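*Asks:* Chains as they are written, first to last, in the numbering used here: chain A, 1 to 112; chain B, 1001 to 1115.
Rather than coming from a laboratory, the hints here were simulated on the basis of the structure. All values derive from a computational prediction rather than experimental measurement. Please note that the accuracy of each hint is not assured.
As the list claims (entries may be wrong) - Pulled a few chain B residues facing chain A out of the computed Cβ check, cut under 7 Å:
no. : residue
1   : P1008
2   : L1043
3   : N1101
4   : F1106
5   : G1107
6   : D1108
Built from N, CA and C at the ideal position, the CB exists for glycine as well.
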Amino acid sequence: KNQVEQSPQSLIILEGKNCTLQCNYTVSPFSNLRWYKQDTGRGPVSLTIMTFSENTKSNGRYTATLDADTKQSSLHITASQLSDSASYICVVRSQGAQKLVFGQGTRLTINP
Amino acid sequence: DAGITQSPRHKVTETGTPVTLRCHQTENHRYMYWYRQDPGHGLRLIHYSYGVKDTDKGEVSDGYSVSRSKTEDFLLTLESATSSQTSVYFCAIRGGENYSNQPQHFGDGTRLSIL
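Construct all of the structure, not just a fragment, from the sequences and the given hints.
*Replies:* Below, the structure written as structure tokens:
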């Protein structure tokens, strides 16, 4: 069964600190993996998208990594800001499929 | 932000009534999607469209129907709403060809409560 598991479910850190969110997937055959940020009351917004051949991609203070062999991805946030408080969703697409497989998200809270 | 507007943003209705949610885009994208988001679940696909009058079912399509008579509008209808359909509904759009790596862009959702 195609699944995407994210950890931790929730995380609280102090402003200015770094953090790493994890994503493990069993989707096969793999096409690409995306990370989305979802603010409370808003729709998800794409942060990064990585294909099989890419193992790291950055978007400002967000850096995503992908290990297609172990089927793991991580999202690293550097020098966190209050505005980083949100849910972060890992999404995997299978080759030849319209359907995306969504993780349940990690709820990140940044405290001053 | 991608030009996606969902309406209404909030709705409360009673069990058994019909409900229609609207998604309007100004990007002229071919692909449009309806999802629901519930606690304890990731976003789940209800229906999607790959062109005017071309639609297909997602993983949780029972109790829902869709229509797309124009490129810019994708309607989601609950023919007879049930309490289990209380959820937040998101519309998404995507450009590019069939299996493009283009990301989906999401609207800000409709919060639907069925009493």
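*Asks:* The structure should be examined with respect to each hint, and the outcome stated for every one.
*Replies:* Against the structure, the hints:
Because the smallest distance between the Cβ of B/P1008 and any Cβ of chain A comes to about 14 Å, over 7 Å, the interface hint for this residue is violated. This hint holds: B/L1043 has a C-beta 4 Å from the nearest C-beta of chain A, less than the 7 Å allowed. For B/N1101, the interface hint holds, since its Cβ comes within 7 Å of a Cβ in chain A; the closest pair sits about 5 Å apart. Taking 7 Å as the C-beta cut-off, the interface hint given for B/F1106 holds, the closest approach to chain A being about 3 Å.
Satisfaction of the interface hint for B/G1107 is found here, the shortest Cβ-Cβ separation to chain A being roughly 5 Å, below the 7 Å cut-off. With a cut of 7 Å, the hint placing B/D1108 at the interface with chain A holds, because the nearest CB-to-CB distance is about 5 Å.
Comparing the model with each earlier hint shows a violation of hint 1 alone; every other hint is respected.
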